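Protein chains: 2
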Amino acid sequence: MPADLSPVLLIERHRGTLDKALETIRTREYWSPYPEHPKAYADAEGGRAAFEALRGHRFALDQPGTDAWTGGERSPYGIELDVRYPHPDPDVLLPAMRAAVPVWRDAGPEARAMVCLEILARINARTPEFAHAVMHTSGQALTMAFQAGGPHAQDRGLEAVAYAYVEQVRIPETAQWIKPQGKRDPLGLRKTFTAVPRGVGLVIGCNTFPTWNGYPGLFASLATGNAVLVKPHPRAVLPLALTVSVAREVLTEAGFPPDLVCLAAEQPGEGLAKTLALRPEIRVIDYTGSTGFGDWLEANARQAQVYTEKAGVNTVLVDSTDDYRGMLANLAFSLSLYSGQMCTTPQNLLIPRDGIGTDAGPKSYDEVVADLAAAVDGLLGDDARANALLGALVNPEVRARLEAAAGMGEIALASRPVTHPDFPHAVVRTPAMVKLDAAKPDAEATFMAECFGPVSFAVAVDSTQDGLDLLRRTIREQGAMTVGGYTTSPEVERQLEEVCREECAQLSLNLTGGVYVNQTAAFSDFHGSGGNPAANAALCDGAFVASRFRMVEVRRPA
Amino acid sequence: MPADLSPVLLIERHRGTLDKALETIRTREYWSPYPEHPKAYADAEGGRAAFEALRGHRFALDQPGTDAWTGGERSPYGIELDVRYPHPDPDVLLPAMRAAVPVWRDAGPEARAMVCLEILARINARTPEFAHAVMHTSGQALTMAFQAGGPHAQDRGLEAVAYAYVEQVRIPETAQWIKPQGKRDPLGLRKTFTAVPRGVGLVIGCNTFPTWNGYPGLFASLATGNAVLVKPHPRAVLPLALTVSVAREVLTEAGFPPDLVCLAAEQPGEGLAKTLALRPEIRVIDYTGSTGFGDWLEANARQAQVYTEKAGVNTVLVDSTDDYRGMLANLAFSLSLYSGQMCTTPQNLLIPRDGIGTDAGPKSYDEVVADLAAAVDGLLGDDARANALLGALVNPEVRARLEAAAGMGEIALASRPVTHPDFPHAVVRTPAMVKLDAAKPDAEATFMAECFGPVSFAVAVDSTQDGLDLLRRTIREQGAMTVGGYTTSPEVERQLEEVCREECAQLSLNLTGGVYVNQTAAFSDFHGSGGNPAANAALCDGAFVASRFRMVEVRRPA
Chain A
14 MPADLSPVLL IERHRGTLDK ALETIRTREY WSPYPEHPKA YADAEGGRAA
64 FEALRGHRFA LDQPGTDAWT GGERSPYGIE LDVRYPHPDP DVLLPAMRAA
114 VPVWRDAGPE ARAMVCLEIL ARINARTPEF AHAVMHTSGQ ALTMAFQAGG
164 PHAQDRGLEA VAYAYVEQVR IPETAQWIKP QGKRDPLGLR KTFTAVPRGV
214 GLVIGCNTFP TWNGYPGLFA SLATGNAVLV KPHPRAVLPL ALTVSVAREV
264 LTEAGFPPDL VCLAAEQPGE GLAKTLALRP EIRVIDYTGS TGFGDWLEAN
314 ARQAQVYTEK AGVNTVLVDS TDDYRGMLAN LAFSLSLYSG QMCTTPQNLL
364 IPRDGIGTDA GPKSYDEVVA DLAAAVDGLL GDDARANALL GALVNPEVRA
414 RLEAAAGMGE IALASRPVTH PDFPHAVVRT PAMVKLDAAK PDAEATFMAE
464 CFGPVSFAVA VDSTQDGLDL LRRTIREQGA MTVGGYTTSP EVERQLEEVC
514 REECAQLSLN LTGGVYVNQT AAFSDFHGSG GNPAANAALC DGAFVASRFR
564 MVEVRRPA
Chain B
14 MPADLSPVLL IERHRGTLDK ALETIRTREY WSPYPEHPKA YADAEGGRAA
64 FEALRGHRFA LDQPGTDAWT GGERSPYGIE LDVRYPHPDP DVLLPAMRAA
114 VPVWRDAGPE ARAMVCLEIL ARINARTPEF AHAVMHTSGQ ALTMAFQAGG
164 PHAQDRGLEA VAYAYVEQVR IPETAQWIKP QGKRDPLGLR KTFTAVPRGV
214 GLVIGCNTFP TWNGYPGLFA SLATGNAVLV KPHPRAVLPL ALTVSVAREV
264 LTEAGFPPDL VCLAAEQPGE GLAKTLALRP EIRVIDYTGS TGFGDWLEAN
314 ARQAQVYTEK AGVNTVLVDS TDDYRGMLAN LAFSLSLYSG QMCTTPQNLL
364 IPRDGIGTDA GPKSYDEVVA DLAAAVDGLL GDDARANALL GALVNPEVRA
414 RLEAAAGMGE IALASRPVTH PDFPHAVVRT PAMVKLDAAK PDAEATFMAE
464 CFGPVSFAVA VDSTQDGLDL LRRTIREQGA MTVGGYTTSP EVERQLEEVC
514 REECAQLSLN LTGGVYVNQT AAFSDFHGSG GNPAANAALC DGAFVASRFR
564 MVEVRRPA
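Top to bottom, those sequences are chains A and B.
Residue 222 in the working numbering sits at position 209 of the first sequence, and the numbers go up by one each step.
Residue 411 in the working numbering sits at position 398 of the second sequence, and the numbers go up by one each step.
Worth double-checking, as some hints may not be accurate.
Said to hold, decoys possible - Derived lysine-lysine pairs resembling DSSO-like cross-links, with alpha carbons at most 27 angstroms apart:
1) K33(A) to K376(B)
2) K196(B) to K33(A)
3) K33(B) to K52(B)
4) K376(B) to K52(A)
5) K192(A) to K33(B)
6) K52(B) to K192(A)
7) K448(B) to K376(B)
8) K376(B) to K453(B)
9) K33(A) to K52(A)
These are calculated hints, taken from the structure and not from any lab test.
Model, not experiment: these values are computed from the prediction.
For reference, chain A alone in the conformation it holds in the complex (with noise of 0.2 angstroms):
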């Protein structure tokens, strides 16, 4: 049966956008091939109807072994998904999923890499879609569940993918050697290389961001020619199992086995991840949650090449700026959005207890901080805004954290619930700051272990260098996604660079507009470093696709 999708057409569609993928990887200029905004888009309400007609029903993927049906999703908003998924037999499973690597390896890199964008491209038209899902999964509000889950997560993929086939074509498929020997005849020998795939890829979803940090590994490690084998947070499955159903739908209409993308949904408790993760199956495995689980991958998983995400602890270090009200609504911004349910989301800001210098004047560590909490409430104030910005509380976790920061010190900011005017169980909470000074005894128990969730700590220290050796500590012994400065000193500004150079962090600078230190563009920006606790990886680079695959040599006498 011919493929529906063939070579040919794949290259007419998506070569010129992989084109200028590798270009923007090397320029790290802004671009982007998905829009990000819901008018892009044909049938963005469509998107609702397409979710709503998945509640209630298994979610079909016609894969190898499937043994069981599982499934419970409980959306933030308060709503029932009621979505049962095919529960793998690992033992059936894996090895279909091997069985259908060869093909997948002698189909070559260009080969891969259209079909990954082909899925992408298909995972793009229905971004309306995926919307939804991720919104009724990790509890952002709709439109970030729409940017940061669809084109942003689709944006993150494909830099995956150009990564992947750079890195596989800087060796040719062929070489002739031919070696000098003097008077005598040289020495010759015909070469061929080939990218082998390591084998089978797990991908670990996490609760918050399905998409958009499952994205990378999945391509990465398909685009490479390994198979993959999805395995969702237990609450956040839907988006990756409309992942794996597109791309089974591409695979199979390109004429590959649709067994390259499986998905593996967990019974309650079943620890599922463990069990596979020391499949000798699986070569590769992505991981974003708890720095726990991570370093247990890390140790255990000998098999596999582990590339981990895990708990920081983000820094802000405000030693003075020449626009106050932009570093406040920047800040605002910043400890708002998601709820601060980010990984890159600022969790302690430094500033000196004696004040910091500004264009508005001198200010004490008390203005900054109560300015700042005015800022918040200011940009919270209306509920629908409220909504809009911080969506729900993603679990029950989330939640007693929050509700236990009362007890950590005093209140500069208190959380308040806002209600959704279309989920009325919606767990949403405005953001809680907590004042605390470094010098006590008791207060860096608090402040240097990660709070994931709507609670930062306004950390009074001595001086700005008091702070910038404790952003220094915090960075090599927490790790650290993302750190941010303000400074309008030379001096600082060295000195707050050189820190985030000799710890291996991603520093931003003065951020008062409409970028905040917690996002991050795919084919400009790093996502993490790789280089401190806080993850082994970053997104993306050549070390993330570079072991994924191996070259192998063929050689004969020419």
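Could you slot chain B onto chain A? The hints should help.
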């Protein structure tokens, strides 16, 4: 004090060489800037004198934290080297090395590459001296020590520098990121990207190829901005001490801290590698040696990126040939070179028990084995030639394994001692070959374990298909640095390729001339694949360099 080696001078000298290396790792054609013929070196004889001048003295390196002097290398050719090396106090040496890193990081990828190329050029100029140092530590014959320990090792170092350079300059130093916002002003950021090293790299050297196996890791780590601590095998310190000495000299002249490259010689029985490998300053480890210690490093040195080359079992499958004499000559040479003490030497020759087809008519298993034994005997019949090919047994463990071969099965080729005209105490032995039957219950325990040294097994298999299965299982379970195959059948050739792609091993087909399965050429051939148990890295590919540094981004409003 201005540096003697200015950046401009170094670029004038070496940029062309780097560019040619960058081109060749893409074309994978033949090239080397370092001539392999002794005649190309002005003072080939002076090398011996330089080597002799080192004997009986302290090898001063002026490193911080030297707390003792240690040494005790005895040449496999029977002479004492009597050189003593500085022994480090890690608590002093490692912080000094770490402190040297920032200025090296700030120099940038091109300046680092140029310094590395100057180091390699000076090492190259002293190749005759290195040849004697390698000969009298590894036991390699002088010509081989000259080539493999000299230009071929330098090639592998340059290859690593080229990969490291290109990996770092994939990302621009700066970028302007301008995101349109419809009718509003665009968002704009200025971004800088800096390659930051992981810290200090540790190179754990081996006994047999101190420079060849040591240079890739040393230069890959150094070129990516790390400091490098070289811990040689206690029996092969001198070649790496010379290397460290040259590196420190060049670094100093170029205005960088010499402590970026240091030596860690150990006291007898100290186990210094284990101590160093767990130090927090050590963030990259390159290791060549036993599987036991390699596995220990991978499991325990969790703070570091660990690259290992360990034990493996190399197989040649003999199905058929159209050049029987060429095949025998080629195999005889491969089994004899450096007494089989190469990680790439074939160990198991799988031969169908019903024999093989050849251009000289069908040959039974016994005939093939006898003819191969005769080919080895013929090759090594002349003592001068035998000495030039075999070198000396590197250590007593190899000799013990050779002596145990008699008890492993029927001897097809008996080892004999060879007298060395210059070194009466040299332990020179011709290789042994043992006949085994894969169908016999006890045979597998013998041939499925690495028997490093001049012992090979002629394993009778039921058929070529049986041999392919055994080949597959051997690579999967034991790992392999090399695989060889002889066949005139396109189908068997295809199957051999498929097995090697599935199990990730480098394949040489039908070698009958002057290229041998155990030799690889830098810039063109991969050494190992990184995808089977023999090694977790290949020399050299993107994966070998990409994780030795990270990219740190600083972004500011434009």
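Does the structure break any of the earlier hints, and which numbers would those be? Of the numbered hints given earlier, those the structure breaks are 1, 4, listed in rising order.
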